[in-house]
Amino acid sequence: MAEQDAPKAPVAPLPLNPAEMMAEVAELGRRISAGAKLFSDVRDADVQIATTPKDLVWSQDKVSLYRYRPLAESKGLPPVLIVYGLIGRYTMADLQEDRSLVRNLLNLGLDLYVVDWGNPGRADRYVTIDDYVDDYLAECVAFVGAAAGRETINLLGICEGGVFTTCYAALYPERVNAMVLTITPIDFHADTRETRAGHGFINVWTRSLSPEDVDRLIDAQGSLPGAFMGSVFSMMTPMRTMTKYNLDLLDALDDKKKFLNFLRMEKWIADRPDHPGEAAKQWLKDLYQDNKLVQSTFVLGGRTVDLKRIACPVLNVFAQDDHIIPPATSQALKDKIGTDDYTELGLPGGHVGVFVGGKAQKLLGSGIADWLGARG
Amino acid sequence: MDQFDAFKAMGEFWARAGAGFLSPGATPGFTWPTPPQTDLAGLATAQSQLAQAWASATALSQTLTASLQGGAGAPDPTAGAVLAKIFDPQAWLGGSAEFDAALTRMSEGPQLADLWQTERRYGALFTAWAALRRAQAEHQAVMLNAWTRAAGTFAKEANARADRGEGFSSAREMMTRWTETANAVLLEVQRSEAFLASQRVVLKASTDLRLAQQDLSAFLSDFYGQPTRAELDDVHKSLTELRREVRALRRERREAARVSKMNGTVAQEAETAHG
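In the order they appear, the protein sequences are chains A and B.
For reference, each letter of the first sequence is one residue, going 1 to 376 in my numbering.
For reference, each letter of the second sequence is one residue, going 1 to 275 in my numbering.
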């Protein structure tokens, strides 16, 4: 007892002796050497993403609409149109065969389409969200509806794409059978209601700018460069960013499967298109700064996006640990729309993890399919 | 934790870590050439000097500010504020205010129609470049403060563990703890007014630099008969508007065809009904 109570003698914070240190260095050398071999063995073909077979069925300007080939017997439900945003690319929903929302939904018998916004360049500076929602998305919905012989279809919006589908459903309620939103911001100021460290930094950062700062940025760049947004995302996980290509990569190198997953994610992250300038101004000023969507004062194509006009059933999926789109910013949709058929589904994981995380992505696919199945 | 505490904790941390690693007899049977004790002493002294240097700089700053106001009995708030700014150690990172002012006068002063237009643009470009460098330095100072705070917090925790006889079990565990500590501090700093303000200034300065580059580029393009960025933007704007019109016309045509088809069907049904 007396021995236990006696204060321990101070030790060095890291009590490594030379032999242990040599052993650690030797182990590190072995892992780096094995990793270097793995690096040299892996080819680009080994890290393909978005491999689920699909066919181009419609295109206009830089926008393409694809239909996925079925993987199971059809359930006979209205087709589902996946709409991703302009920040990042839809390939996240089909990152790899065993982590693919697309494959999960196809395996559950859904008829699936996806819109690809392409690679907007400086020449697309004057393209607006009005163009994306009122023109391109409206055309895609018309095509999918005509192909299926239906007046209404289902929409599945992801992140900024969820904002697009929300706007569309408010402007064209007669064309939407049901709408699934995933990790979608509705109230861009709701981050202030949560105080979780690191959550909602983009909201805080955007509000720290003046509208003139945004205008001048777009004047100078012509777009919101994808690389620039990438750096903002990196700032949200500062130490993770610093350890990513050393500690994290070193860990991934121990396991080929893990390493390939790491590279696939890198491939998706690297493919970050530029956001057209005028659309970016609307995104940053009208939505992030002025919060017009939740107030039903956002105007597209000369018409106000009134959330109360959304009459279709809505499934609102959010990630419980989403630091980019904090849950409260998504959940704000409740009570703002003109339907009582509103369901929330909070899934474990973060903004991307909800799509590619082992557990969440399975729950996501079946959750969406079951919900849509009940509203066919 | 202020700068002095942070440096003091770091100095103590490194001295302990170094002493622990190099203490003879730590591993039975393993012999390691004993380094000259002066190396370790030098390291600790250097850390201590660094801590003293920072403390001295701050103390010097405060002393100079106070003494140049005319003594404690005659405080002058305005002079105090100005002097505090002048003797703020962080201002040393800001750099060339006077040089910058000269360039600003050159780029924004009274202009003559045909003289020095090229030079003036180069001057504006250099001013923008200098402003960006200054903004970056000021932002780095904010980050340096954050890092110092994180390092100090971490070192203090590591020292406390060592005092309790609980070292880190591996370098990885220590690294993980450092990462967690630093992440927590950085996330907090990112929401601070100082961080957001300095980052906004960096963004603004980099935008201004790009606009100055484009202005020079447009001037030279025009001079050599090449299309400028503004002219290309005009073309792209027209193209976007024309595409909008084409899409609208296509929609109208499709809608007209649909209505016509519906009317035809209705008419046919009516004819059939009236037999």
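Calculated directly from the structure, the hints in this document are not laboratory data.
Take these hints with a grain of salt, some might be off.
[Claimed, not checked] Pulled from the structure, derived: some chain B residues nowhere near chain A, Cβ distances all over 10 Å: (1) Thr-179; (2) Ala-182; (3) Ala-197.
[To be verified] Short, incomplete list of chain B residues facing chain A, as computed with Cβ under 10 Å: (4) Gln-213; (5) Gln-214; (6) Arg-247.
Note that the structure is a prediction, hence the values are computed from the model and not measured.
Just so you know, even glycine gets a beta-carbon here, dropped at the ideal spot from N, CA and C.
Do the hints match the structure? See the list:
1. Thr-179: Answer for Thr-179 (chain B): violated, closest chain A Cβ roughly 5 Å.
2. Ala-182: It is violated; Ala-182 (chain B) is separated from chain A by about 5 Å at its closest Cβ, not greater than 10 Å.
3. Ala-197: At about 7 Å from chain A, Ala-197 (chain B) fails to clear the 10 Å cut-off, so the statement is violated.
4. Gln-213: The hint holds - Gln-213 (chain B) has a Cβ within 10 Å of chain A, the shortest such distance being about 9 Å.
5. Gln-214: This hint holds: Gln-214 (chain B) lies near chain A, its Cβ roughly 7 Å from the closest one there, short of 10 Å.
6. Arg-247: 5 Å, holds
Checked against the numbered hints listed earlier, the structure breaks hints 1, 2 and 3; every other hint is satisfied.
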